[in-house]
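Enquirer: These are the residues of each chain, in order.
There are 2 protein chains.
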Amino acid sequence: MDKLTNIFREKNLKLTPQRYAIYKYLKSTKSHPSAEMIYDTIKADFPTMSLATVYKTVRTLIELGLVQEINVGEDNFRFDANVDNHPHIVCITCGKVDDIEDAAFEHLNQDVENFTNYKVSTHKLYFYGICPECQKEL
Amino acid sequence: MDKLTNIFREKNLKLTPQRYAIYKYLKSTKSHPSAEMIYDTIKADFPTMSLATVYKTVRTLIELGLVQEINVGEDNFRFDANVDNHPHIVCITCGKVDDIEDAAFEHLNQDVENFTNYKVSTHKLYFYGICPECQKEL
DNA sequence: ATCGATGCAAACCTTTTGCACCTCT
DNA sequence: AGAGGTGCAAAAGGTTTGCATCGAT
Chain Y
26 MDKLTNIFRE KNLKLTPQRY AIYKYLKSTK SHPSAEMIYD TIKADFPTMS LATVYKTVRT
86 LIELGLVQEI NVGEDNFRFD ANVDNHPHIV CITCGKVDDI EDAAFEHLNQ DVENFTNYKV
146 STHKLYFYGI CPECQKEL
Chain D
26 MDKLTNIFRE KNLKLTPQRY AIYKYLKSTK SHPSAEMIYD TIKADFPTMS LATVYKTVRT
86 LIELGLVQEI NVGEDNFRFD ANVDNHPHIV CITCGKVDDI EDAAFEHLNQ DVENFTNYKV
146 STHKLYFYGI CPECQKEL
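Note that the protein sequences, when read in sequence, are chains Y and D. Numbering (this note's numbering) for the first sequence: 26 to 163. Numbering (this note's numbering) for the second sequence: 26 to 163.
No wet-lab data here; the hints were simulated from the structure. Note that the structure is predicted; figures quoted are calculated from it, not measured. A couple of the hints might just be wrong.
[Unchecked claim] A few chain Y residues that don't get close to chain D, going by computed Cβ distances all over 10 Å: (1) Leu-38; (2) Lys-39; (3) Tyr-45; (4) Ile-67; (5) Ala-69; (6) Phe-71; (7) Pro-72; (8) Thr-85; (9) Leu-91; (10) Glu-94; (11) Val-108; (12) Glu-126; (13) Lys-144; (14) Tyr-151.
[What the hints assert, rightly or not] Label-pair distances were calculated between CB atoms; the ranges are: (15) Y:Leu-89 x D:Asn-37: 26 to 34 Å; (16) D:Gln-160 x Y:Lys-28: 57 to 65 Å; (17) Y:Glu-88 x D:Arg-84: 31 to 39 Å; (18) Y:Gly-120 x D:Lys-52: 26 to 34 Å; (19) D:Ser-53 x Y:Asn-101: 26 to 34 Å; (20) Y:Asn-142 x D:Glu-131: 40 to 48 Å; (21) Y:Pro-42 x D:Ile-32: 55 to 63 Å.
Every residue gets a Cβ at the ideal spot worked out from N, C-alpha and C, and that includes glycine.
Build out the structure end to end from the sequences listed, making use of the hints.
Expert: Written out as structure tokens, the structure is:
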């Protein structure tokens, strides 16, 4: 975690306990929590934590390139400390959001350049379906 | 537009001038306007139009399957009367949102099923890049 | 007369901002 | 003392809801 300290120091930012806790939590989970979910979780360890600090911190983490923001079509954003560009899949039954790993979709950018006159730099891919657990319950 | 009338009548909904104007506007444009943009446009013809009616109407149109909602990562939703499932591309310079037409990405659902244990039903694909017009200005 | 729709205002939710206080150096 | 951070409360968007009025059948 020395690396983290350096990243912060380089920008004259402080790696406070709150910031560290939020980043560590995001690194530890694959649940793609919203700000509210982060707040509820961290509050257990930091009773004085405020929602404003969560928002300010995720904004900082995004600017540092340590976290990415996703929007699966809900009315809020979710956060992911896995900053590799990877698709997400949403269970339309239980609402869970999973990563899709090991699937290479980078070639899609080139495909899209062939169909448009855009210079394509990135993409966000969201799939929707029913997760294995919810399939069992049918 | 008789078809529209029928769709509304079947659900005991009324095709009011406001609703008609909003749908017609959405059908006529490829700009993927937000509720606010729709409101500003329609207000020229319907000075009494309220933003609440825009929101209520797009909600109704979505439930009728006549309009789809997209979120390119802004803090609001945009609306598209092209309900075919097609990808969108956002110009990161001017903010424009274009359709990507004629590109078949339906096979991606199958690809994703092969990588996950989800039963995949649909997807939303957003690409980001620089549009032809903005490329010229560089 | 009935039933849904409109449009205003208020409420709601997520996110941002202002500001006083705090921490660390 | 100085610089950035926290956390409260207030503000700021975007969106929804309640309700009285309107309009068409």
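Enquirer: Decide, hint by hint, whether the structure agrees.
Expert: Cross-check of the supplied hints:
1. Leu-38: Holds: least Cβ distance 24 Å, greater than 10 Å.
2. Lys-39: 28 Å, holds
3. Tyr-45: 27 Å, holds
4. Ile-67: The claim stands: Ile-67 (chain Y) keeps its Cβ more than 10 Å from every Cβ of chain D (closest is about 24 Å).
5. Ala-69: Label holds. Min Cβ-Cβ 29 Å, cutoff 10 Å.
6. Phe-71: For Phe-71 (chain Y), whose nearest Cβ neighbour in chain D is about 27 Å away, the distance exceeds 10 Å, so it holds.
7. Pro-72: 30 Å, holds
8. Thr-85: 18 Å, holds
9. Leu-91: The claim holds: Leu-91 (chain Y) sits with its nearest Cβ about 18 Å from chain D, beyond 10 Å.
10. Glu-94: Label violated. Min Cβ-Cβ 7 Å, cutoff 10 Å.
11. Val-108: 15 Å, holds
12. Glu-126: 8 Å, violated
13. Lys-144: 5 Å, violated
14. Tyr-151: 5 Å, violated
15. Y:Leu-89 x D:Asn-37: 26 to 34 Å: 54 Å, violated
16. D:Gln-160 x Y:Lys-28: 57 to 65 Å: 37 Å, violated
17. Y:Glu-88 x D:Arg-84: 31 to 39 Å: 35 Å, holds
18. Y:Gly-120 x D:Lys-52: 26 to 34 Å: 32 Å, holds
19. D:Ser-53 x Y:Asn-101: 26 to 34 Å: 32 Å, holds
20. Y:Asn-142 x D:Glu-131: 40 to 48 Å: 23 Å, violated
21. Y:Pro-42 x D:Ile-32: 55 to 63 Å: 57 Å, holds
Violation of the numbered hints given earlier is confined to hints 10, 12, 13, 14, 15, 16 and 20; the remaining hints are satisfied by the structure.
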